[in-house]
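Asker: The chain contents come next:
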Amino acid sequence: MDTYTLYAAQFLPFKEHFGPKGHNACKGCGVALAVRQVYKALEGSGANIEQAKWQIPWEESIIVNSGAIAAGSQPALLSIAKKEGALHICFDNECTGGRVDTAVMLKKLPAVASASGCDYSATACPSHPFDLVDKIRKAWDCAGSAFVHILCPCPVGWGFEAENTVKVGRKAVESRVFPLYEIAQGYYKITCEDPNPQPVEGYVKAQTRFAGWSAKKIIALKEEVNANLELLKSKTQKTL
Amino acid sequence: MISKTFKQEKVGCQLLEAGQAQPYTPGTKPQFGPVWDKTLCVRCALCYIYCPDAAISRQEDGFYDVDIKLCKGCGICHRECWFGAVSMQEVE
Chain V
4 MDTYTLYAAQ
14 FLPFKEHFGP
24 KGHNACKGCG
34 VALAVRQVYK
44 ALEGSGANIE
54 QAKWQIPWEE
64 SIIVNSGAIA
74 AGSQPALLSI
84 AKKEGALHIC
94 FDNECTGGRV
104 DTAVMLKKLP
114 AVASASGCDY
124 SATACPSHPF
134 DLVDKIRKAW
144 DCAGSAFVHI
154 LCPCPVGWGF
164 EAENTVKVGR
174 KAVESRVFPL
184 YEIAQGYYKI
194 TCEDPNPQPV
204 EGYVKAQTRF
214 AGWSAKKIIA
224 LKEEVNANLE
234 LLKSKTQKTL
Chain X
-2 MISKTFKQEK
8 VGCQLLEAGQ
18 AQPYTPGTKP
28 QFGPVWDKTL
38 CVRCALCYIY
48 CPDAAISRQE
58 DGFYDVDIKL
68 CKGCGICHRE
78 CWFGAVSMQE
88 VE
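Protein sequences appear in the order of chains V and X.
To convert, take the position in the first sequence, counting from 1, and add 3; that gives the working numbering.
Reminder that position 9 of the second sequence reads as 6 in the working numbering, one-by-one numbering, no gaps.
Just so you know, the hints here were simulated from the structure itself, not pulled from any lab data.
Quantities reported herein were computed from a predicted structural model and do not represent experimental measurements.
Treat each hint with caution, since some may be false.
Claimed, not checked - The list that follows gives simulated cross-link-like pairs (lysine-lysine, BS3-like), each with its CA atoms no further than 25 Å apart:
(1) V:Lys30 x X:Lys66
(2) V:Lys225 x V:Lys236
(3) X:Lys66 x V:Lys192
Claimed, not checked - From chain X, some residues computed to sit far from chain V (all C-beta separations above 10 Å):
(4) Lys1
(5) Thr2
(6) Trp33
(7) Cys38
(8) Glu87
Yeah, the Cβ is synthetic: ideal placement off N, Cα and C, and Gly gets one too.
Please construct the entire structure, taking both the sequences and the accompanying hints into account.
Answerer: This is how it looks when you write it as structure tokens:
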């Protein structure tokens, strides 16, 4: 029980920075949920979140080289200036306009960010809020630039009921399609380890955006997910 | 009363300066809203941390309640409550 610094949501600040008077996101919006949790994590840390900048991600040098973004995904990027460098948070809802392929789903933005000089980079998902809060705080406290890639389930774009936003995010993490890990100065660490991962089919069947996928394609996705996981595990072992 | 003014924005509606967002009310009420059963609620605040609309707030007695003007009726609180304390009921 020492994975996270926080296990109870009551100890997060109750002040609302994001949408204190409401916002016009769709109901069950994963991006709105992630932004709210990020603002809660940064409350009290000294971050000037009122002055944070929203940017179009492909203008940022750290993500320019990622072909997955060029494949059609347009996530939003929040940049907050630190003493040295900046904290970049990518809110990725994989909105590719109905077309979805494995390159969009299995991109490795933290590795790209780490290779381009970020001291801390990580993946997070709002279905695991304490993990997300820890990572945002670590990213804020580290010395240089930092990058956090947050997967935000989108009920409209992915095709599921609005009440299942958190459930689908949890399925993405538990089926290892979107593993939660962090890279601190080149050292890999998987933060959400489950010895018995859920099947990828559960994640695929929960969304209508995969309705046109053949069984062969799902098997190919499964193999790629497993290969990615093995690669990630080998990297964690190397640095230890 | 918010004074409405016109301002030319960049292509793509990029807002590059901070503080341009105006208070927004999503509407009068959703069709279904969450209702808490206080005999089942353990005050774990999961509904609070999973609400995308910041509609759920802590009351003085420690329990949680919704501001129905901000709620959109997505039902995440109903789905994520471990104890079944939150039920979605039609808003009158």
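Asker: Each hint should be assessed against the structure and marked as holding or not.
Answerer: Now the hints, each set against the structure:
| no. | hint | in the structure |
| --- | --- | --- |
| 1 | V:Lys30 x X:Lys66 | holds, 13 Å |
| 2 | V:Lys225 x V:Lys236 | holds, 17 Å |
| 3 | X:Lys66 x V:Lys192 | violated, 42 Å |
| 4 | Lys1 | holds, 16 Å |
| 5 | Thr2 | holds, 19 Å |
| 6 | Trp33 | holds, 15 Å |
| 7 | Cys38 | holds, 13 Å |
| 8 | Glu87 | holds, 16 Å |
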